[in-house]
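One line per chain: the protein sequences are A and B, in this order. Everything in the first sequence is counted per the working numbering, starting at 1 for the first residue and increasing by one. Everything in the second sequence is counted per the working numbering, starting at 1 for the first residue and increasing by one.
Careful: at least some of the hints might be erroneous.
[As the list claims (entries may be wrong)] Within a straight-line C-alpha distance of at most 25 Å, the following computed DMTMM-like cross-link-like pairs (lysine to aspartate or glutamate) qualify:
1. A:Lys-118 <-> B:Glu-197
2. A:Lys-118 <-> B:Asp-171
3. A:Lys-118 <-> B:Glu-176
4. A:Lys-118 <-> B:Asp-203
5. A:Lys-118 <-> B:Asp-109
Derived from the structure by calculation, the hints contain no laboratory data.
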Amino acid sequence: MAIDWQALWLTLQLAVIVSAVLFVIGLPIAYWIAFSRSRWKFFVEAIVSLPIVLPPTVLGFYVLVALGPRSPVGRWWMALTGHTLAFTFSGLVIGSILYSLPFAVQPFAASFAAVERKLIWASTTLGASSIRTFFCVIVPLSAPGLITGAALSFAHTMGEFGVVLMVGGNIPGVTRTVSIDIYDRVQASDYAGANATALLLLAICFVLLVIVYATNRKAWAVKPVE
Amino acid sequence: MKAAMSETGRTPATGMTSAGEFVARDRSGPVASQCEPQKGFLEARIRKQLGEFVLEVDFQAAPGFTVLFGASGAGKTTLLDCVGGLLKPAEGCVRIGVRVLFDSSSRIDIPVAKRRVGYVFQSLALFPHLTVEQNVGYGLTQLSRGERSIRAASILRAFRIDHLASRSARDISGGESQRAALARTLVTNPAVLLLDEPLSALDAPTKSKIMDDLREWNRTHRIPILYVTHSRDEVFALGERVIVLDRGKILAQGTPHEVMTAPLQETVAQLAGFENIFDATVEAVHPELGCMTCRIGASSAVFIETPLVRTGVGSTLRVGIRAGDILLATSLPQGLSARNVIPGRVRSLEQRDVIVSCGVECGGTNWAKTGSWGVEMECHLTLAARDSLRLAPGREVWLVIKTHSCHVMQK
Numbered sequence: 001m002a003i004d005w006q007a008l009w010l011t012l013q014l015a016v017i018v019s020a021v022l023f024v025i026g027l028p029i030a031y032w033i034a035f036s037r038s039r040w041k042f043f044v045e046a047i048v049s050l051p052i053v054l055p056p057t058v059l060g061f062y063v064l065v066a067l068g069p070r071s072p073v074g075r076w077w078m079a080l081t082g083h084t085l086a087f088t089f090s091g092l093v094i095g096s097i098l099y100s101l102p103f104a105v106q107p108f109a110a111s112f113a114a115v116e117r118k119l120i121w122a123s124t125t126l127g128a129s130s131i132r133t134f135f136c137v138i139v140p141l142s143a144p145g146l147i148t149g150a151a152l153s154f155a156h157t158m159g160e161f162g163v164v165l166m167v168g169g170n171i172p173g174v175t176r177t178v179s180i181d182i183y184d185r186v187q188a189s190d191y192a193g194a195n196a197t198a199l200l201l202l203a204i205c206f207v208l209l210v211i212v213y214a215t216n217r218k219a220w221a222v223k224p225v226e
Numbered sequence: 001m002k003a004a005m006s007e008t009g010r011t012p013a014t015g016m017t018s019a020g021e022f023v024a025r026d027r028s029g030p031v032a033s034q035c036e037p038q039k040g041f042l043e044a045r046i047r048k049q050l051g052e053f054v055l056e057v058d059f060q061a062a063p064g065f066t067v068l069f070g071a072s073g074a075g076k077t078t079l080l081d082c083v084g085g086l087l088k089p090a091e092g093c094v095r096i097g098v099r100v101l102f103d104s105s106s107r108i109d110i111p112v113a114k115r116r117v118g119y120v121f122q123s124l125a126l127f128p129h130l131t132v133e134q135n136v137g138y139g140l141t142q143l144s145r146g147e148r149s150i151r152a153a154s155i156l157r158a159f160r161i162d163h164l165a166s167r168s169a170r171d172i173s174g175g176e177s178q179r180a181a182l183a184r185t186l187v188t189n190p191a192v193l194l195l196d197e198p199l200s201a202l203d204a205p206t207k208s209k210i211m212d213d214l215r216e217w218n219r220t221h222r223i224p225i226l227y228v229t230h231s232r233d234e235v236f237a238l239g240e241r242v243i244v245l246d247r248g249k250i251l252a253q254g255t256p257h258e259v260m261t262a263p264l265q266e267t268v269a270q271l272a273g274f275e276n277i278f279d280a281t282v283e284a285v286h287p288e289l290g291c292m293t294c295r296i297g298a299s300s301a302v303f304i305e306t307p308l309v310r311t312g313v314g315s316t317l318r319v320g321i322r323a324g325d326i327l328l329a330t331s332l333p334q335g336l337s338a339r340n341v342i343p344g345r346v347r348s349l350e351q352r353d354v355i356v357s358c359g360v361e362c363g364g365t366n367w368a369k370t371g372s373w374g375v376e377m378e379c380h381l382t383l384a385a386r387d388s389l390r391l392a393p394g395r396e397v398w399l400v401i402k403t404h405s406c407h408v409m410q411k
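Take these sequences, add in the hints, and give me the full structure.
As structure tokens, then:
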């Protein structure tokens, strides 16, 4: 049986949206983690990292509860749009953002923290605001880390299963992603179809990781002037 | 070095010990009174604790070069960081003229970006992802694009790096990087310039060329420049004034000549490279000759003639003599202007790079009998001198020291 292109297209859409949103919200979170001197920093770091160790079903379960009609968030969304967040594409996006958060934030924060402090000070003493310093010095010098974070969150969203199943279910064209499609085919003993789809996913993820490690090669990294 | 010394050698006459006053006490020199804010002056009173280390300083810097001199760990960089705002002093006040940058009592703490304090780090911190021109234009965002490139171009020309404008900051040499870093900071028209050993990695000719350009720039933009160094040569080469820091405190300040050649305190002497520092007792004072005779140690038989300071017979003080200021002779020299000719015996010879450090035990005729009465003096000579004099341990020698090579300090 052929590949379910609809599921693949949906998965790509999901991954693009999620990694784009994570790029935007990940920058300020990572900036805070890299530069804040707050005593509660460890707490935020632990929360951000939680999805790495948590079983996807646990995270998915709580996201489902939080999005459901009984939670304040769910009710607010119901009042706004007339339908519940659970088992929709939007719900899937929210669940995936939470699930992939550390894969964006951690590389971002690590690369921000690795920017030589003197360069940041130099920018400040030359009269630049924190925002200008961020966009003109920190971000350009963190490019490999930003690419890594974006690629990892994209790849991670492409391949997620547990959260998607819990939050989105399996509605073709709405919440049915590639990984769920593979699971379905195996359930239905369609090993050839499962294999074709799995190979495709494998190839995509592999190419993304090749990009990540290639951009992080020492020879290409932007280094301070010796 | 010689040329540079003669340039800074325009020391005010008050700095010399004509009246027999302790030289270093005369050092109020060109500094104005402490109370009135002086236009363009940097004034700082800073207390800052970093773990065990405490920085506690109070000084004024006039437009022009002020050298901050001290060993590593003396607090030089901490001081600059407090002035620049990268560190927040526990208490104190920093101002440029009437503009207050920091005042703990009225809780003023102007953000770094608004201080107009130019700071060139030891590591230079050029932005590696930008070209030289982009680096230099970085601090000029308030200007229009056209004006920015005009300003950048003119400072690049002034620092002779206009041909590098479009090169990446990563691909230029050490000396060129120093010039670019200076230009990047100076183009923003800072009210104060902080230089943290920015030239320490350069060879002497490159360094002096950059210093000339910086001096030229400073002729038209008269701002206080705090220049951190731990090199004695640099103090003489560019200091109009020098502040000596040690363990977070100001030990001495004044012109390089005053502070470095006749130091008030022994720590300064050690910093300034006096290999020989002795306790001495004043035996005779000759005001009419402008000199006095001191006995080295309390009971040795070594007497030396030193410049006159205001003190009495029998008082104790310290005498510092640089190893390089001592001449060595293998027979009793005659017809010298130098007033100190001290007999002794070579005890040790040690080669350090191209210099031979020779330890000579002096103690007059008593040396052979007691052995322990003597005073050991370190003197430096060249390899050639060692070989032509055929020096070896045990050899009898005479040390020749000019009166003015004996620097008198308070105990």
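Now the hints, each set against the structure:
| no. | hint | result |
| --- | --- | --- |
| 1 | A:Lys-118 <-> B:Glu-197 | holds (14 Å) |
| 2 | A:Lys-118 <-> B:Asp-171 | holds (19 Å) |
| 3 | A:Lys-118 <-> B:Glu-176 | holds (19 Å) |
| 4 | A:Lys-118 <-> B:Asp-203 | holds (24 Å) |
| 5 | A:Lys-118 <-> B:Asp-109 | holds (21 Å) |
Consistency note: the structure conflicts with none of the earlier hints.
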